Amino acid sequence: MRVLVIEDDEELAGTVAAGLRHARMAVDVALDGQAGLMRALVNDYDVIVLDRDLPVLHGDEVCAKLVAAGGRSGVLMLTGAAESEDLVDGLGLGADDYLPKPFDFPVLVARIGALARRAQPGIPPVLEHGDVALDAAKRSARRRGRELELTPKEFGALELLLAAQGRVVSAEELLARVWDENADPFTGAVRITMSRLRAKLGDPPVIETVAKAGYRIGDP
Amino acid sequence: MIGLPRARLAPPRWLRLPRRTARLRLTALYGGLFLLSGVALVAITYGLFERATEYKTPHLPRIPHTPAIQRLKLPPALGYAPGPSGQGVVRLIPRPSGLAQAQRELGQARRELARARPQLVFSLPSQLSLIQRRVTQAQHVLAQDQRQLADAVHQLAQVGPIQTAQRASDSHQLLVNSGIALAIVAVLALIAGWLLAGRMLRPIRTITRTARRISSASLHERLALDGPQDELKELGDTLDDLFERLDAAFEAQRQFVANASHELRAPLTRQRALIQVALADPQASLASLRAAHERVLASERHLEQMIDALLALTRGQAGLQRRERLDLAGILAKALPAREAEAAARELTVQATLDPAPTEGDPRLLERLIANLLDNAICHNVPHGHVAITTGIRDGHAFLTVANSGPAIPPEELPRLLQPFQRLHGARTTHAGGNGLGLAIVGAIAAAHRATLSVQARPDGGLSVEVGFPCAAGDGADAGAYSTSSSSSPAGSSAGSAGAEPGSAAAASGSWMSGRASAR
Chain A
1 MRVLVIEDDE
11 ELAGTVAAGL
21 RHARMAVDVA
31 LDGQAGLMRA
41 LVNDYDVIVL
51 DRDLPVLHGD
61 EVCAKLVAAG
71 GRSGVLMLTG
81 AAESEDLVDG
91 LGLGADDYLP
101 KPFDFPVLVA
111 RIGALARRAQ
121 PGIPPVLEHG
131 DVALDAAKRS
141 ARRRGRELEL
151 TPKEFGALEL
161 LLAAQGRVVS
171 AEELLARVWD
181 ENADPFTGAV
191 RITMSRLRAK
201 LGDPPVIETV
211 AKAGYRIGDP
Chain B
1 MIGLPRARLA
11 PPRWLRLPRR
21 TARLRLTALY
31 GGLFLLSGVA
41 LVAITYGLFE
51 RATEYKTPHL
61 PRIPHTPAIQ
71 RLKLPPALGY
81 APGPSGQGVV
91 RLIPRPSGLA
101 QAQRELGQAR
111 RELARARPQL
121 VFSLPSQLSL
131 IQRRVTQAQH
141 VLAQDQRQLA
151 DAVHQLAQVG
161 PIQTAQRASD
171 SHQLLVNSGI
181 ALAIVAVLAL
191 IAGWLLAGRM
201 LRPIRTITRT
211 ARRISSASLH
221 ERLALDGPQD
231 ELKELGDTLD
241 DLFERLDAAF
251 EAQRQFVANA
261 SHELRAPLTR
271 QRALIQVALA
281 DPQASLASLR
291 AAHERVLASE
301 RHLEQMIDAL
311 LALTRGQAGL
321 QRRERLDLAG
331 ILAKALPARE
341 AEAAARELTV
351 QATLDPAPTE
361 GDPRLLERLI
371 ANLLDNAICH
381 NVPHGHVAIT
391 TGIRDGHAFL
401 TVANSGPAIP
411 PEELPRLLQP
421 FQRLHGARTT
431 HAGGNGLGLA
441 IVGAIAAAHR
451 ATLSVQARPD
461 GGLSVEVGFP
471 CAAGDGADAG
481 AYSTSSSSSP
491 AGSSAGSAGA
501 EPGSAAAASG
511 SWMSGRASAR
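Chains as they are written, first to last, in our numbering: chain A, 1 to 220; chain B, 1 to 520.
Possibly wrong hints are sitting among the right ones.
To be verified - Cβ pair distances, simulated, as ranges: (1) A/His58 x B/Glu340: 45 to 55 Å; (2) A/Phe186 x B/Lys334: 33 to 43 Å; (3) B/Pro383 x A/Ala211: 49 to 59 Å; (4) B/Glu340 x A/Arg196: 28 to 38 Å; (5) B/Glu294 x A/Val107: 20 to 30 Å.
Simulated from the structure, these hints should not be mistaken for lab results. Here the structure is a predicted model, which is why all the values come from computation and not from measurement. Cβ coordinates follow ideal geometry from the N, Cα and C atoms, glycine included.
Please take these sequences and the hints and turn them into a complete structure.
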């Protein structure tokens, strides 16, 4: 799952990004509205965590422009102003959710997960295929009831493949939606991660490689 | 009304006396004045009427002009005499002379006749009958005259009372009519007065109603009285101005509270996120937890600074707690070394020209003012930029100027920078350092010292802030001494001499100058 955090407080942004990475999300950070909007328009994020009081370009404008651009990203607004009018304003601008500061970090993670599910309609909170189960909300994956120790990338890749429900997912798509923008597309990171994921999933193999197309789990 | 339980004693609404409103009083005043002048008018008219009839010649009946009446020589018999009521009444006073004379003549004729009768009875019957005829004739004429006279007298006797009665009834009628007219007009005057007073007082009612409605939540309302430019309109406009200022003050207060809560929330958010993320980290180690702790502590310090700054702002706004003589150059000389490292880290050239600038003030507040100006100049600067600090006396005023290079600031942004929690670029950012209160505190402290604060955007970027203090009272001689001591320093030297107060002379003698352009 790929998340963009647009927050002008550098320290807070860094902390949130670190926390979300612990929760196995691919996180990018932007420190002002303009930079955040550019990233959001270029990359394919599941959720954008948007601070409202942003320099250069105000959070409201970023939100309005994101909605106008028609992306599939869910927008979660963060703000210090906890008045109900602000909440109404924020949601009226097209934000999908709203969290007043100071927020509880687990709540933020849970809401990001919920928004990501909403961004792909029809995806249940617990993705299952055979004996593999992935709980997106709890950020946990199991096989035959045994907890899998997955890195964020591995978890993201598994989540994306399970959510695709038999569709072939290309390496480019994996890179775009699971890796953050620091990933180098030429390092074979996807291939390495996929082989590690296969090893952790164990036998019988779940992930099938489709030649020159990508990966898939299950039959179409 | 005061102190009485109204619910128990209140009569039905229509029975209750109207409140003693200004409208009622004005109406009573109008009505009373009108009534008074009306009564005076009627009295004067009545008096004049009476006076006019008193001097008018009475209209007497015409007495027939007959020889008998002429013989009676009657006219002088009529005259005026004051009546019992004090008013002039025509009274007939019959004078017997004319009539008596005729009767005397008649009697004489009769006597002559009686004397002559024995001689005349037989000798002169014709003459006798002539005399008798003449007597009869005279008697006849006399009787006629008497009748006429009686008529005239009767007529005359009647004329007086009739005329008196007529006049009395006229006066009465006049009085009654005037009274009725006065009553009608007085009622009309009361109604007109009521309406007029209501019209005159309408703006006041508007003012009362609006002022009652206006609360701190609806201070944006205005009276906006229309109508002529009179005293009431003036009052309304004055109140509108007052509301305007109150509104602005309340709005500023609200904004300040909102901003303060936002600014205080930011470090809280950071701390909570830091702690929760550190706790949620599945691979948490001692080192990562320690790092998180340190960051929380740093955030705590930021919060503390913010609270300090808020307190400083409040203190500055509260005015001077104490006032003592001090030298701006001395304070600067103490404040500058502490910022040397920071300036060097940002590769800034700092020039301090510290001539004595004696003034009076609260040393703690002035230290804060100077510290804020220096921090601002260093913080909001560009790499390899410069900061120029000057103190001295100009036109008898101690002044302090801090000019620094930095990002270009549009002049229209300047007033905003003096507001609490306002930073450049229209946003309240925290990552650039500072809490957004620096210049607001400077402004508040300057205002408490009755100092002038002039903030100018430099054309090539950065700010130039000058604070001009009123001169310390009664230290003209000292100021002279300061200026002579400083005149020994080379004029125009970038490194100023700081011949400050004797106590701080040692600290200031080094004439602090930092220009370390350290290469990386």
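Problem set entry | Violating hint indices (sorted, rising) | 1, 2 and 4
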